[in-house]
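Peer 1: Next come the chains, spelled out residue by residue.
There are 2 protein chains.
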Amino acid sequence: MEEKEKYMLRAIELAKENVLSEDGGPFGAVVVKNGKIIAEGKNLVTANDDPTAHAEIVAIRKACEALKSHQLAGCEIYASCEPCPMCLGAIYWARPAAVYYAASRQDATRAYFDDSYIYRECNTEPEKRKIPFIQMQRDKAIEAFLRWMENEQRNPY
Amino acid sequence: MEEKEKYMLRAIELAKENVLSEDGGPFGAVVVKNGKIIAEGKNLVTANDDPTAHAEIVAIRKACEALKSHQLAGCEIYASCEPCPMCLGAIYWARPAAVYYAASRQDATRAYFDDSYIYRECNTEPEKRKIPFIQMQRDKAIEAFLRWMENEQRNPY
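These protein sequence lines are chains E and P, in that order.
Take any residue in the first sequence, count from 1 to its spot, add 207: that is its number in the numbering used here.
Take any residue in the second sequence, count from 1 to its spot, add 207: that is its number in the numbering used here.
In short, the hints are calculated from the structure, not lab data.
Watch out, some of these pointers could steer you wrong.
Intra- or inter-copy, both count: the list cannot distinguish identical chains.
[What the hints assert, rightly or not] 30 angstroms max Cα-Cα, derived DSS-like pairs, lysine-lysine:
id, residue 1, residue 2
1, Lys-347, Lys-275
2, Lys-223, Lys-269
3, Lys-240, Lys-211
4, Lys-223, Lys-211
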């Protein structure tokens, strides 16, 4: 069996196990570096009372802890389902080399998850979203960015 | 001063303080329920080696812990900058009543952050993204969803 298939089967196994453990939704993910799984995650939203505890987020946080880095340079992420916008964002901030996924956002939608809806909302103007996004006091917030840009000690990411 | 302005000024204050503390980027957020700030967050990406530790994610996780719930029903989130796709996704999964933000994604881009880029990638077909998103073994992952849908004890979110 190809290596990639083994990693993906592990992510899918975590997803299936999670239906039985009832810790959260049917989602699993693993992070691989240099041919080795360095972190695993399963969905812990309901077990941990944490809406951000998707399998990918859990795995990314563990992998970064293992690497002592906020970047996943040279890593691959295997997810049992296409990452939602939250997880896609986390992936882009972590900057792995590639992402492999099995089920699609449409499959997640058929299992009653909001993935497709959130992708649409992500691409909707803030003021037209189902959850109202309202801008205010922009001028005061800009000052924080100016301070950041002026600080030569800043640690960009 | 209107209440909303006070909450936002606190989020902006957290953002400004963070430039000095050098724990992460110039971003702050607070979660408000029934006229009271129940959680605060500032960006801790570099301090914690955690690419997911954006101010909104930190504040949402703390607020959920305080409420012992994976949902932020009846809450408002105040963020010093427009939430990135990761934070937007987290917000939709937490389902607060409203979001207020100050600086825009374009302002973040001018301060060298990837927010606008990640919004574009979110709206790009998976196989055309800058980080390759590759689908494989969909059939095997579907089984996890079927098990989930068949489990009458499931805890949806």
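Peer 1: If a hint holds in the structure, say so; if it doesn't, say that too.
Peer 2: Hints, verified against the model:
1. Lys-347 x Lys-275: For Lys-347 and Lys-275, neither the intra-copy (34 angstroms) nor the inter-copy (33 angstroms) Cα distance is at most 30 angstroms.
2. Lys-223 x Lys-269: both (20 angstroms within a copy, 29 angstroms between copies)
3. Lys-240 x Lys-211: For Lys-240 and Lys-211, the Cα distance is within 30 angstroms only inside one copy (12 angstroms; across copies 46 angstroms).
4. Lys-223 x Lys-211: within (19 angstroms within a copy, 44 angstroms between copies)
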